[in-house]
Amino acid sequence: MDLQIALLLGQDGVTNGAIYALLALALVLVFAVTRVIFIPQGEFVALGALSLASLQADRLPGTVWLLLAMGALIALIDGSTALRERRYRRLPLILLVNCGAPLLLAATLLAVSSAGLPLPVQVLLALMLVVPLGPMLYRLAYQPVAEASVLVLLIVSVAVHVTLIGLGLFFFGAEGSRTPAFTDVSFEVGDTTLQGQTVLVLVASVLLIVGLYFFFERTLYGKALRATAMNRTGARLMGISANLAGMLSFTLAAAIGAFSGILISPITTIYYDSGFLIGLKGFVGAIIGGLASYPVAAAGAVLVGLLESYSSFWASAFKEVIVFTLIIPVLLWRSLKTQHVEEG
Amino acid sequence: MKRSAWSTLLLLLFVGALVVAPLVLPEFHITLLNYIGLYAIVALGLVMLTGVGGLTSFGQAAFAGLGAYASAYLTTAYGVSPWLTLPTGLLVTAVVALTLGLVTLRLSGHFLPLGTIAWGISLYYLFGNLDALGGHTGITGIPPLHVLDREIRSGREFFYLIWAVLLVLILATRNLLDSREGRAIRALKGGSVMAEAMGVHTPRSKIVVFTVAALYAGVSGWLYAHLQRFVNPTPFSLTQGIEYLFMAVVGGVSHVWGAILGAGLITVLRQWLQDWLPRLLGESGNFEMIVFGLLMILVLQRARDGIWPMLQRFFPQRVVRARTEGVASLARRPRPEPGSILLEVTDASKHFGGLVANDRVSFRVRASEIMALIGPNGAGKSTLFNGVSGVDPLTSGSVSFRGERVESLPARHIARLGMSRTFQHVRLLPAMSVIENVAIGAHLRGRKSFIAAACRADREEDARLLHEAAMQIERCGLHEQMYEAAGSLPLGKQRLVEIARALAADPCLLLLDEPAAGLRYLEKQALADLLRRLRGEGIGILLVEHDMDFVMGLADRVLVMEFGRKLAAGLPEEIQRNPAVVEAYLGGVE
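Protein chains in written order, with my numbering: chain A, 1 to 344; chain B, 1 to 590.
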């Protein structure tokens, strides 16, 4: 390996690592607020990327049907509850949010030719399709069991994961997609070329992390989420609804996932099941941070990206083996750091 | 006996059906039943791990893969007999499971399943990329099994082998769960604090149950390799590992028969879905996973215990009963000399961050003495209990118990020395009967291993443990509730169960945290009588209590705490007259 290859691999590693870092942050956030180990995080990466690819190919993304179906289901559940409780005034809002908005979006997509739209609009449409799935998922799958043990929530997560993988295959087929690069710019740095897309991923990731920081430090909702993460009961006593906190954290996680997918789809081909491995690598990062520390999780995720990139050079067939076996020494290290046996 | 006769009859009917099945069923159904049997073996391990032990794993398919690949490789590359590759494969499986268990057991419960996900993926890729293991094409030409010079080639012959193994494992698992070590495993689900305080080595129990579950999967993998006579990585993927967990949860994760039910349901459902979904959706793919995922979410939301409990009422319930006649009592530890010092606490301090919960508290408890620890709420009484009993070690200070320094020992070691306790917030296993809960207290008084329990070589000892539990239950006046579920008792009675459990350990020092709370007047009197009798037997008692009438009429000496500090100590009459104590309780005039 010469310096040029080393730099190239490093660039690859940091780019992927930045994505893993974003996912790791989302995973830590969701776990802290809801105790859900969000295995389906990666599926949002794939759904985001593939929805964008569908839009660019002028196809109607299958996620529209998922959005409509989940919206209708929520409207049915919440609507019947409102009817039973004779709170008729809530009905219009329930219908509007869960059925009206998705229908409007679907109608728009049917009416216009999405391939001709400028890229930012396409990205926005893809996000509008995928991000609402996050809170809807929380409402349908997690909220009814929100008080259950971490173990039960984890099994629910895995069930959601296999469901979404199956739906992904149904919606987008087994072929992968790669979207065109956002920018063709490239920079010459010494002997190597720095791709504009790489820079874009890094800048976007950093901006997103800074944005999240301000969200948590400066806004009321961000503070509410932090309060819930620290003490669920205490936050509830202060009037912060656990359901709201759950939905909010799932919205953020879905947004981070979908946006990450959109960022990397010009760099790697995304298949319906690619998201899972990407998300799990974020997980390895998050576990390095003990599912608790944001900075350590982000740093760990970058480390995972670098390890992956260099091991693909040395032993490409064993890339996944190496990355996922890393978790053993990491867990050992965390285990030695833990002083007491925690209560499950 | 009627109940157990009915139970045996059902089992015989089931075995009879299994014997007849290959003679009458078509080939296709035999194949399906073979797979159900193989899956059920893995799911049975998960029942033990998840439903009973409260841990979980998504990597069971990878463990099955270890068993399968070990045998496939050794038989094809070196011509080793399959009967030798079974123990080898199990050894490999055990080593991996032990490593994974040792690495994660000190962390919270969810790190183990996350570890098994990562491990499941990496093993899958390893199988697929090692040339020695045939890469993604796998290994072909695995020799068939021989039993007594007879080749087992056909599915019908294999059927008997698979289901015989499954039945043996089910019986062994049932035996294990209904034993001293089994009760220790079941105690894990209620959190490790209580189990540790009763002397259970919880990390060891966790590792054992995880390893046993992995070994079951290994056995299933070995059978699979010789049934199929070829292996490739696909059936050992993470997806399959997830499906195993689905089987256990859908069937009923807390019941051994739920494993067969779940394996059967999921296998038949998949068969059916694979026929219908492509017609419905117009293309083929792994679409049954969508249905499984949705089914799983629904089961977890609506019927978390799975489907077996719904059928269970048609089957006889097993009730663990204590035998009364012909059971020798357990050996008791020598009583301490009356008046000798049992417990000496010196300068005990406990800090939680900046909060000082205990500040240099010192006191002694002697044998044949009841010492009461009183003080307003938040005075640090329970914290002191936790520090003394090793549940939550002190920040500084020393505790010596029967002449031995114990402040840095884990709770289970202190329990072994003869200190036993109850908890302010009752820590019972609500679904287990009172007698089984109390028998956990006698954990340290038995020594039979897991293996002895699985093959019922522990019955004599277990009868003695249950007999002891029954005696302590009667002593605490709970004989009428002995076989009821502990969770169905009113709170006051549950506290008495805690006392019975502590007594089952044959302690010389008893730590009681608010034992009289929730008891009625007559029950309190009965409790006071019991404590006096225990004192007469030479036991030292340290008790936290808020009921002053109860305390002052019973205690030999009283220690008063306020804001984490010792406020006063002395005879009950002195304490009642102590102005500082009166002020702490009633408030003084500024």
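Keep in mind that a hint or two might mislead.
Partial chain A-side listing against chain B, Cβ under 7 angstroms, derived [to be verified]:
#1 94
#2 151
#3 152
#4 167
#5 316
#6 320
#7 324
So these bits of chain A aren't anywhere near chain B, every CB distance computed over 12 angstroms [stated by the list, open to error]:
#8 168
#9 181
#10 323
Worth flagging that the hints you see were computed from the coordinates, not collected in a lab. Here the structure is a predicted model, which is why all the values come from computation and not from measurement. Ideal Cβ placement from N, Cα and C applies to all residues, glycine included.
Going down the list of hints, with the structure as the test:
The closest approach between the C-beta of residue 94(A) and any C-beta of chain B is roughly 20 angstroms, which is over the 7 angstroms cut-off, so the hint fails. Checking residue 151(A) against chain B: minimum C-beta separation of about 6 angstroms stays under 7 angstroms; hint holds. Interface restraint check: residue 152(A) against chain B, minimum CB-CB distance 6 angstroms, threshold 7 angstroms, status holds. Hint status for residue 167(A) relative to chain B: holds, with the closest Cβ pair at about 6 angstroms, below 7 angstroms.
Hint status for residue 316(A) relative to chain B: violated, with the closest Cβ pair at about 9 angstroms, above 7 angstroms. Annotation: interface hint on residue 320(A) holds; nearest CB of chain B at approximately 4 angstroms, less than 7 angstroms. Annotation: interface hint on residue 324(A) holds; nearest CB of chain B at approximately 4 angstroms, less than 7 angstroms. In this structure residue 168(A) is not separated from chain B by more than 12 angstroms, as the shortest Cβ-Cβ distance comes to only about 10 angstroms.
Interface exclusion of residue 181(A) from chain B stands, the closest Cβ pair being 30 angstroms apart, more than 12 angstroms. Annotated as non-interface, residue 323(A) brings its C-beta within 12 angstroms of a C-beta of chain B; the closest such distance is 8 angstroms.
In this structure, the earlier hints numbered 1, 5, 8, 10 are contradicted, and the remaining ones agree with it.
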